[in-house]
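Peer 1: Knowing the structure of chain A, use the given hints to seat chain B on it.
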Amino acid sequence: MALSVEGLAVIRGERRLFKDLSFSLAAGEAMLLRGPNGSGKSSLLRLLAGFLAPAAGTIAWQGRPLAEAEDFRAAALYLGHQDAVKPQFTTEQNLAYAGCLLGLDNATAEIRAGEVLDAAGLGRQRRLPARYLSAGQKRRLALCRLLLMPAKLWLLDEPTNALDSAAIDWLGRALADHRAQGGAVLLASHVPVPLPDAQALLLPEGKLAKDEPAGDELT
Amino acid sequence: MSAFWAIVQRDLRINLGAQGAALTTILFFVLAISLFPLGVGPEPQLLARISAGVIWVAALLAAQLSLDRLFQADHEDGTLDLLARAPLPLTLTIAAKLLAHWLGTGLPLALIAPLLAIMLQMDSAALPALLLALLLGTPSLSLIGGIGAALTLGARRGAVLVPLLTLPLLIPVLIFGVGAVEAAATGLSASPHLLLLGAFLALALVLSPFAAAAAVKLALE
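Line by line, the protein sequences are chains A and B. Going by my numbering, the first sequence opens with residue 1, and the numbers climb by one from there. Going by my numbering, the second sequence opens with residue 1, and the numbers climb by one from there.
Where hints are given, some of them may not hold.
[Claimed, not checked] Per the computed footprint, the stretches of chain A lying under chain B, defined by three or more beta-carbons under 8 Å from a beta-carbon of chain B, are:
#	region
1	42 to 51
2	79 to 93
3	96 to 105
What the hints contain is simulated information worked out from the structure, not anything from laboratory work. Here the structure is a predicted model, which means the values were calculated and not measured. Think of the CB as a built atom: it goes at the ideal place given N, C-alpha and C, for glycine as much as any other residue.
Bound conformation, chain A alone (with noise of 0.2 Å):
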């Protein structure tokens, strides 16, 4: 198992999201996590990020302790709810930057940047400041920097915000790539998202379901 969670428990503030929670994914799988707001996605996704520290439970990432993989930091790629992109870069500088932070240098930060603009439909805007894109082309510039070195897994937060159908079905596209490669992927969204053969995590409750096909959670 890539990522095991044994006995979860999570205290925000005074209040507890949620207790018991036990799943494991493995190379390549999926799992959506499901809940109404506030039931604790996002805090059980900047938990697995390392920004909050379980008020029980363990997690264990290839068969050890998340403190002792001292490979997980890198091995994780995590992108929240906002964008993280400076509106008076161009979108090309944003996302190099962000492959200078993972630790490229700063030419293949950039050759890297460009391609991945070019598959993601933003190569036109490469350019451009930021300040002028869309609501969804940012996410799209965010979601990018998922794509510029590989990760072992991937911790989604509403990925989907803002994207046109063309750009979810490039979203779909790029995590079943990354499946293919051997990725998992840990995903929190309330609507469907193109994530085929996923289990899914309902919170508070924490229990595992399969998930339903795309469209069915609408009506």
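Peer 2: Just chain B, lined up with the frame of chain A:
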């Protein structure tokens, strides 16, 4: 290390940009100091007597102006999440941001201060001491200020809280900074004061990135 310099470069570009910290800081510094001859009168002896204190107090206050945005802007748009999860340790990331803050604010202040000192009739023998004292003192302003900025992250009145937290810690810098200039003006050696400023900087350099990183981690919870 390329990540470290990428952060320095980018923050410096933001600081020097149109909405950046550099312009506000330098304008405030120049304007505040130019008001003194108008306020207290143009007598050379009086201006020379107060010049060191005026320049240092103005530098201290000017440095506070941009501090509340140091991490706040990155916190609001999510960049701080990205920085905190990057392979580079958060302490070094914070150090890079503080370095960029100093290059954009403290360094230009130190470099234009001798010109303003001439305007205030400061003894020309004291000018090198002033420049050196500011070069040693202003990095401490950014470093200690960084702790305050990180602690007030997420607080709504951060702009008010940062000076309240950091100014008391910066009083030694003010005292020895002014001391260095006055010693040089009276013909004494400025080096004891400069050495103390250096010691303060060394301490701040070691402690402040760790303290600020711990505060930023708390804010991201």
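Peer 1: Which of the stated hints cannot be reconciled with the structure, identified by number in ascending sequence?
Peer 2: none
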